[in-house]
Amino acid sequence: MIKLSSDNYFTNYGDLFEKRRQYTLNKYAPQRDKWNPADCALFSPKMIYEIPVNIAEELRFKAIKYAFNYHYQNSPFYNKFCKELEVKPEDIKSESDFSKIPLISDIFFKGYPPEDEKFVNWLSKMFVGDFPNLSVKDYDNVFDEVINLLDNNKINLVFSSGTSGRYSFVPRDEITWNRQMYVCSRIFELSPHKFLSSDYDIIWLGPNPRLTHLYIGRLTMMLFDLFDEAKIHFGIQRELTTRVISMLMGSNKDFRGKIKSGLIKPFVAYEQSKIMENIIDIIEKNEKSDKEIAVGGSPFFLGLLMTKIEKKGLKFNLQKGIVLTAGGWKTYSGFAVSDKDFRSKVNKIFGIPEENCRDIYGMVECNALNVTCEGHYKHVPNSILYPMVLNEDSEVIGYGEYGRFAFLDPLANSYPGFIMTGDRVKVLEHCPVCNRPGPVIEGDISRMSGIQDRGCGATLAKMFSEEITENQ
Amino acid sequence: MTSVISYTGKRIFSLFGMFLRHPAQLYKKNKNGKEHIKNLERKTKIQYEIPTYKKEMNYCKSTKKYLRSVRLCNTQAPAIIAMANKLGAYQINDQEYAKNVFNFVKNNIRSRNVPVFGAEKTLKKGYGSCFDSSSLFIALCRCGGISARYKIYLHKNPPAGFQTVSTVDDQKLLDSLAIVTSFYTVAEVKIDEEWIECEVCSSPELDAYWNVPIAKFGENCGNVTGWFPDNILYLEKLTLRVIISTNIFFKLFGGIVENINEQVERNWEEGRRKLEKTGIEEYNKKAKRRYEYFPSLEDQTR
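Same order as they appear, the protein sequences are chains A and B. For what it's worth, my numbering labels the leading residue of the first sequence as 1, then goes sequentially. For what it's worth, my numbering labels the leading residue of the second sequence as 1, then goes sequentially.
Just to be clear, a hint being listed does not mean it is correct.
[Claimed, not checked] Result set (SDA-like, lysine to any residue): computed pairs, CA atoms no more than 25 Å apart in a straight line:
| id | chain 1 | residue 1 | chain 2 | residue 2 |
| --- | --- | --- | --- | --- |
| 1 | B | K190 | A | E84 |
| 2 | A | K125 | B | E193 |
| 3 | B | K285 | A | F77 |
| 4 | B | K251 | B | G33 |
[To be verified] Computed far set for chain B versus chain A, every beta-carbon distance over 10 Å:
| id | residue |
| --- | --- |
| 5 | H36 |
| 6 | I46 |
| 7 | M57 |
| 8 | L206 |
| 9 | R266 |
Keep in mind that the hints were calculated from the coordinates and are not lab data. For every residue, glycine included, the Cβ atom is placed at its ideal position computed from N, Cα and C.
Given the sequences, and given the hints that come with them, work out the whole structure.
Right under this line is the structure:
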């Protein structure tokens, strides 16, 4: 077992770490006297990935009980669903009762009606809270218009996937979005170096968060809170709306859309190729001037970047570098790699040690992010997420067995965050490598049989795969 | 209706293409299937009694849209009037009557991919396609004075697991046969000025086979198992184009489609055993906890 001293680790960051925490707390947390149990579970611990199990369980129980009661009272469709399954908030007396809480399939968020004019109505019925009156003018582009209109009302309508031809839409009100941003800012608790304090250049091989509501892109908004904006470089600098994504993925319904899709793809590929060149230049300059670098993005894009570097005959030696991945691992155009092979390639091309490769397992429906430690096990922030593994009959099975991943997320305020996913995982009670408390998810995550690969990473991969690989 | 053709067109060509490529094999399969259909006609017994029509029986004579008698949905046929009266037309309130009709059609009419018969023949035969079950439901509702219409879900792709409903092992032929999944018809009934979806085409036994909840009166079924419709049509009557093209299709390939029907029969039997073992209420609760199910925001369950 790797010896990890939480104290040393924390001390190393020193004041700056605490300063950043205070900054994000001030920005995202409500006033302390207004905290409800869900806020307490998130904002009260100093480190959300290192809470002793008994404290985390107490915080989590109160938060989930509160959230279940809140959605039971405030979400008409969830209330009806609970009544059908004969479950009431009073039934949740201890953690062992969590298995009774009705779970919503993640497919639910893809279930918008085929008629564009009914989209707003569908969203408003899913939304828990006061949904604003929206006057949509352009029903040909209803998704993007609604996203913009909701943005003006402080509701982040993020979307994901589209790999199956349908987007998952999840509306996050201000409370939920602030909690999500705070969680994002905490992922660096597990980062390997004095990441926050040093002079790192950050390369994110994904879209600029200001230009998209694609979940994987939007989340990186948090980078602006923590780092100097001049040092953040994004791999995709074009607006990524649902319309653009449909075009790039060739999933337009009509003939005109298909023609447009065919025309736009080569231009995008050329643009992406130039951006890759630019990123390689930045890496080269940083290496020469002995500056640190952190590279992040979907495994697919990092794979593309590494292939490009390899083809140019380049190699780097970034011993203190960090690689952060997020998004699906199974991609397109032959880029499907195991996480182990990927880390080994990172080490070979960038010279970044394998223990500095970290992966984030998250999904558009969940506000908590599960981040890998140096042993590559994904740590569950256990005060704010209750992970479950289900068998085929949706019954909870214990630790150490593969099954369907489900979770109870008390941070979701604008939709019920009690979700079952299409992912096949194994959850362990403790990390076999480090001594951080709480459950972990094993590295090998796949899709349950019969379910298409999905997720933002897969979406980006599908969008750019053919053209970019052709332009390599 | 152009959209129905556009959703099925590709598969029609694909099916004809298969016929041209493997004529002998398909001819044989078609012939065997048609024999099976003849035997089935002799064997099938309906599970209910159609009462004798009496002149004094009440029925709706309205000529208003969604209430009037239309092609293949004859609301004034004696058998329809008799059955409507048996189910409580003009004796109980609209909602209760519509629920009775819903339960009668859902529990008694067996699902088969067959040419479009219309309401009256479906009542007499005891089986039919989703068009027929819906027609029967609509005819009985209209006969009882409640507005009703067809709701057609159009799909570009067959649902995951479609191959399991057929004994056909040729993947290309199977893809062509997926034409039968291009559309799925349910009915809607208007109660208190609200259109309520009624999924009468899939019997509880088939729902149980598929591990999906048994749709209740007013429960929206369009999204079950994540098989999202690409479009939805609302019709007062089935158009001639749909009826003629469907019937030509069955005239030519009905025997092949019978492969699917045979499998559906076996599925029905398996579903029946499952329900017998667990009971409907318990089964439904379990099914609603499965990944493939999610609560619909359009539900108007009453």
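Evaluated hints:
1. Restraint check for B/K190 and A/E84: the C-alpha separation of about 24 Å stays at or below 25 Å, so the hint holds.
2. Straight-line distance between C-alpha atoms of A/K125 and B/E193 comes to about 20 Å, which keeps the hinted pair within the 25 Å bound.
3. Note on B/K285 and A/F77: the hinted pairing holds, with a Cα-Cα distance of about 16 Å set against a maximum of 25 Å.
4. Note on B/K251 and B/G33: the hinted pairing holds, with a Cα-Cα distance of about 12 Å set against a maximum of 25 Å.
5. The claim that B/H36 is not at the interface with chain A holds, since no C-beta of that chain comes within 10 Å of its own (minimum 30 Å).
6. At roughly 32 Å, the least C-beta separation between B/I46 and chain A is larger than 10 Å, which holds for a residue marked as non-interface.
7. The Cβ of B/M57 sits about 38 Å from the closest Cβ of chain A, beyond the 10 Å cut-off, so the non-interface label holds.
8. Listed as a non-interface residue, B/L206 keeps its Cβ farther than 10 Å from every Cβ of chain A; the least gap is roughly 19 Å.
9. For B/R266, the condition that its CB be more than 10 Å from all CB atoms of chain A holds, with the nearest at approximately 21 Å.
Every hint from the earlier list agrees with this structure, and none is contradicted.
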